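So the sequences go chain by chain: E and H. In terms of the numbering used here, the first sequence opens at residue -17 and continues consecutively. In terms of the numbering used here, the second sequence opens at residue 279 and continues consecutively.
Keep in mind the hints are simulated off the structure, nothing from the lab. None of these values were measured; they are calculated from a predicted model. The beta-carbon is built from N, C-alpha and C at its ideal position, and this holds for glycine as well. It is possible that some hints are incorrect.
To give a feel for the contact side, a few chain H residues facing chain E, derived at Cβ under 10 angstroms [said to hold, decoys possible]:
id, residue
1, Gln344
2, Arg418
3, His431
4, Ala439
5, Ile477
6, Asn512
7, Gln573
8, Ile585
9, Ser588
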Amino acid sequence: MLTRGYVYSREDGTKMANVENLNPEEIKIQGLLGRYLNAMTTAEQAINTGVNHLDEDTLSAFIEASLSEREARPIVRHLVDCTFCRHMTSELVRLDLAFADTVEVRVPIQEQEPAKISQVLNGILTRIFGTRDGAVFAHHEEDEGEEKKEDETSDSEKN
Amino acid sequence: MEDLLKKCDSQIDEIFARCLENAPNFGVRAECFKASLKKTATKYVVSDNSQPITEEELRAFFEQVQAEDLFMALACANGNERAWWEFDQQHRSYLERVARHLAKTEVDAQEVIDSVYVELYGTRVVDGERVSKFSTYSGRGSLRGWLRTVIWHSLVDLHRAGHDEVSLDEMTENIGEGAAHATFLHPAKGGEEEMVDQIARDRYRTATLQAIGTAFSTLDDHEKLILLYYHVENMKLREIARLVENEGSPLRGWFQRKTQTREKDPGSRIHESTVMRWLEKSYAKVLQLFRQELQGKHGLGEEEIAICFSIATEDLSGPNLYRHLSAT
């Protein structure tokens, strides 16, 4: 017989919080529901592989609560059904909380000659492709265009 | 709908002018910006045919868009050097901090940052045009929030690439907070369960399972989601509170309306206790629906309902009750 104050554990072993206001039947239903939802999720995971997931844009807007109720409605519905996206949102909330205490410092933009795209990215691409050839391969067409454009710009600036 | 969007042209022009004033060197053309904003509106509000949007709502929507972030993203997508330089100055250190927080090793963190930059720039060419990841950012949320999600996704992909057959559970156990929180239920190992169930007990088991399933399915999606976050994702009340603490949170608005309680200060923080109250209300509702189902559909009396509760309670210590789940 369960008494008031009995606390069921969640699947991860943590106690369910604050059940002071629940009567014994509600406490039982809390435990039953928890087990049911976990079992359902496991069953759904097996058949849920082909669904379209929410894109990063939608996920981040949802996490930030940028969406109106109207916009969020289909997303909430999706999150109820889609284990993968729901799990992503929970992880993103944790990540958001982890950075919540961090003061966001917007670095003032220094007024200096900006680096070329190739300069910003070349180092990265070199690391990834292993040689500078890779970087050249990835940027070849763009670089030529950019150089021409830049020449034109600097010419017109001089004029 | 095109007419409605056209009515907002002057507003979009004003937004564009503001962005251009702040970043005159980004080289974003007005028509490109306009097309992007309209794409955002179509994605989030206009495509919803169930409830036509009004001009006023659409105007409010455009005002909420993170226009300057979108302006920078468009410029970067177009390969504008000044925009890339500013993006790098403004966001690289943040990207690095997020990646280091999530990744297990410095090498993984660096690899993720590199691959995100490459993805943002875009090495794939479709119809002669380079496809930049920036073109998928809509401006509905902040650019930083979007970047955070891109990094998370990228880490998942990185982990997947190194593990042929990897479950979501295993995958997230190795990434960031998930290491401490990933707790999907593993299916019970077969073969060891007791095989002899009495017919009567089976009847009560089936009724219990169907009733709890029906009770849950009757809930509104918002209630379901909060319960799933709490029980399946093992989110702490503090974490759920974070999700709804923004004054404009649709979940918060929904619960406030449902409970018909307006906070004295709508801008105030949502505390764990508030989330717990929402959960308590949901449990009470589920209990009521559960009882109704057992009484109405299964014709059980109070004593039999008590047996159902007792079976459910007993079985909470083992997986027996749920082994029939796929059959229901």
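Any hints this thing doesn't respect? Which numbers, in order?
-> 4, 5, 7 and 8
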